[in-house]
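Assemble chain B onto chain A, guided by the hints.
Residues per chain are reported as follows:
2 protein chains.
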Amino acid sequence: MRFTARIQVMLKPAVNDPQGNAVLGSLHSLGFDGVRDVRVGKMLTLDVEAPDEPAAHRDVHEMCDKLLANPVIEAYEADIRPG
Amino acid sequence: MRFTARIQVMLKPAVNDPQGNAVLGSLHSLGFDGVRDVRVGKMLTLDVEAPDEPAAHRDVHEMCDKLLANPVIEAYEADIRPG
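Sequence order for the protein chains is A and B.
Heads up: the first sequence at position 5 corresponds to 110 in my numbering, and the numbers run straight through without jumps.
Heads up: the second sequence at position 64 corresponds to 169 in my numbering, and the numbers run straight through without jumps.
Since the hints were derived computationally from the structure, they do not count as laboratory data.
Misleading hints may appear alongside valid ones.
Any copy, or any two copies together, can satisfy a pair, since identical chains are not distinguished.
As a list, the in silico SDA-like pairs of lysine to any residue whose alpha-carbon atoms are at most 25 Å apart [claimed, not checked]:
| no. | residue 1 | residue 2 |
| --- | --- | --- |
| 1 | LYS171 | ILE185 |
| 2 | LYS117 | PRO156 |
| 3 | LYS117 | ASP157 |
| 4 | LYS117 | GLY136 |
| 5 | LYS147 | GLY125 |
If we strip away everything but chain A, and leave its shape as in the complex, we get (with noise of 0.2 Å):
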């Protein structure tokens, strides 16, 4: 079966951003004065064949906890559907 993930990786609350602090102010040079905070994360879009849809979940959370999210300063959520 294929199955589509989609995963979002942001940086926890309590580590310091640089990149969305750079984006915020580059946005107030811009003239965007109400933009109040930014955070700059990863979004990942995988297709994946799985026998059945646990095995799945099984498989793109172990991407995640051994490549594609740093656990110590990331949070990841994943998103997965069949097609």
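Same frame as chain A, but now just chain B:
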């Protein structure tokens, strides 16, 4: 009023994604043979102050068009909610 915008910026499907290909190769070498395709994009979370919801939508789309996404090669989706 305070709004939270979650903006997802991905390369358009026709655009080659070297970062995604690198992640795909790494996943294969870790033994995740079921992965067929990987695309890597950005996820931005913004706290925005705006007088009302239409103004927040207008501001966020303008930020995307001017700075956060490159319309030539990227497509974005913005989800904007009060709070």
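A quick look at each hint next to the structure:
1. LYS171 with ILE185: Close inside one copy (18 Å), not across copies (32 Å); limit 25 Å.
2. LYS117 with PRO156: This pair counts as neither: shortest intra-copy Cα distance 33 Å, inter-copy 29 Å.
3. LYS117 with ASP157: Close neither inside one copy (31 Å) nor across copies (29 Å); limit 25 Å.
4. LYS117 with GLY136: Intra 28 Å, inter 28 Å, cutoff 25 Å: neither.
5. LYS147 with GLY125: Both: 12 Å inside a chain and 11 Å across chains, each within 25 Å.
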